[in-house]
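Chemist: Going down the list, the protein sequences come from chains A and B. For the first sequence, our numbering assigns the number 32 to the initial residue and increments by one for each residue that follows. For the second sequence, our numbering assigns the number 32 to the initial residue and increments by one for each residue that follows.
These are computed hints drawn from the structure, not numbers from a lab. Treat the hints with care, since some could be wrong.
Treat identical chains as interchangeable: a pair holds within one or across any two.
[What the hints assert, rightly or not] Mimicking BS3-like on lysine-lysine, the simulated pairs with C-alpha atoms at most 27 Å apart in a straight line are:
1) 51 with 124
2) 352 with 131
3) 351 with 131
4) 131 with 349
5) 51 with 229
Protein chains: 2
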Amino acid sequence: MVTYNDILAAQQRIAGVIDKTPVMTSRTLNARVGAEIFFKCENFQRIGAFKFRGAFNTVSQLSPEERARGVITHSSGNHAQALALAARTAGIKAVIVMPKWSPLVKVNATRDTYGAEVVLCENTIEARHQTTAQLIDRHGYTLVHPYDNDNIICGAGTAAVELLQEVGDLDFLFAPVGGGGLLSGTALAARGFSPHIKVYGSEPRLVDDASRSLEAGQIMTNQQIDSIADGLLTNLCERTFAIIRLNVEDIVTVAEEQILGAMRWLWERMKMVVEPSGAVSLAAVLSGQVPLAGHRIGIIISGGNIDLDGFFTLLQGKIKKS
Amino acid sequence: MVTYNDILAAQQRIAGVIDKTPVMTSRTLNARVGAEIFFKCENFQRIGAFKFRGAFNTVSQLSPEERARGVITHSSGNHAQALALAARTAGIKAVIVMPKWSPLVKVNATRDTYGAEVVLCENTIEARHQTTAQLIDRHGYTLVHPYDNDNIICGAGTAAVELLQEVGDLDFLFAPVGGGGLLSGTALAARGFSPHIKVYGSEPRLVDDASRSLEAGQIMTNQQIDSIADGLLTNLCERTFAIIRLNVEDIVTVAEEQILGAMRWLWERMKMVVEPSGAVSLAAVLSGQVPLAGHRIGIIISGGNIDLDGFFTLLQGKIKKS
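Hey, can you work out the whole structure from these sequences and the hints?
Modeler: Written out as structure tokens, the structure reads:
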């Protein structure tokens, strides 16, 4: 299992390539919750999400043979861009298998901006796996799984380490949970920094597999996968579940309306573009399910990639030629 | 005329009440322009705009008699919220005269969030002046003009001072110009910090009164006042024009499409909610009218207050009950 020292080593390895993201605060929010809240803003990270940390940590440890053949992954979005940029930075080839319903902004960024080869597949998890396996068979690519990978987990954990090193000890730390890479990395980082920090996961009530997994003591899946938080639709794997069981206090689930409300608050009041998945932890904090008054609370904002086409088309219609 | 030392004194006076806003950078943008660009992000300032600096600097220097009577201003938006919060912070009354077409988010923030008394008036500059004058006659309020005020200019200049103190010397510094408070404060701050910094104003081509004023050597006004950059529709006053003539290199004008393009870039790529007026300086930089390659460039992002109702209504329609 990943250790705190592995995360610290990852932090050294990726320093200077990743961006040290700012910690943001809001007097209004602190007054509202009666607590001190620190946002670690990975929406400001390169590619717009924490995923670049793990991707670069992984790519930078490949053998020369693996580098020569290139890397591959399947991802609904941020991990795709992250691996694409990490590979480009390391000077190696990246192939990304993406479901057809991926937001256009993410497909374009992966292919055009970061220069990866994108292979689109059907919208099922099985199709993703199959397409990826076929390409690995044929070309010998190294699979970089979005979360079932120790180096990815270590990289993800560096965001929490940075936060804690900057603001000092915390009482609570919230991170969203989809496949569990960010949450498990965050939990190990917190445990290593200070054993008394209570780490909570947060997820949409519509896809509450992580919450049910903790309750059942085994990995559960979702009947439907439909939430505005499109980065959190995946299930835990044994690797992340094992870490989360041991190191996470609980998972807080929130309604879609709460996610949207938290997101709106971050946009309107803190002027940050945050994707729905990135707003789930604030939604959990604001839901009042965990008594937080009087405490120091960290929140990992996981990313800010969201399709703004509709909004800017609206604005475009309002302007006059000049 | 305001001096550099006045701005430094203002910086001391407002420290701890204003937020020291972060400086953001983008590797992608730097590569695109071939320069090093530093954004001073006043969209993250309290009330979402630089205006709080000047408002608090002014309010904190009122006499006991003036404090007892309260303050008044007319403003299309950010200055209104700024004075409202500054007054509340200082424990005094604020009355804000606002035109009826002000964005709802700004009216609400001024009245509900910051507790000022809002008086709506007709949509003309004359109506604003008249309504304000009547209220001053009746109640003895102190007028805090949005820019025709040395303390406002000093406060506005503290953003540039903070930027320069953090990143060091710059070759160019861009700020938007409406009434000229921010641009004149910025220019005086830059001159004081390092005489060789070239300060440029930026404004929409549709309301290019500042550009024409510099050319004509006297204050010009606009035939129409219609730009997406609703914070920049006002004209210079003698006080700001005198400073700008002496200390600003030139005014760069940009098309509405360029403003929207720059704004979209800031949202999509830098994950910052920036209002159109706040994006005008990046539009000026990207327009290529000033040769900037190889240089160190500062850009003041003036604010991030924009009505997001339409966007979130759109998202609201997409979510399911959970």
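Chemist: Let me make sure I understand: some of the numbered hints might not hold for this structure. Which ones are they, in numerical order?
Modeler: Checked against the structure, no hint fails, so every one of them is satisfied.
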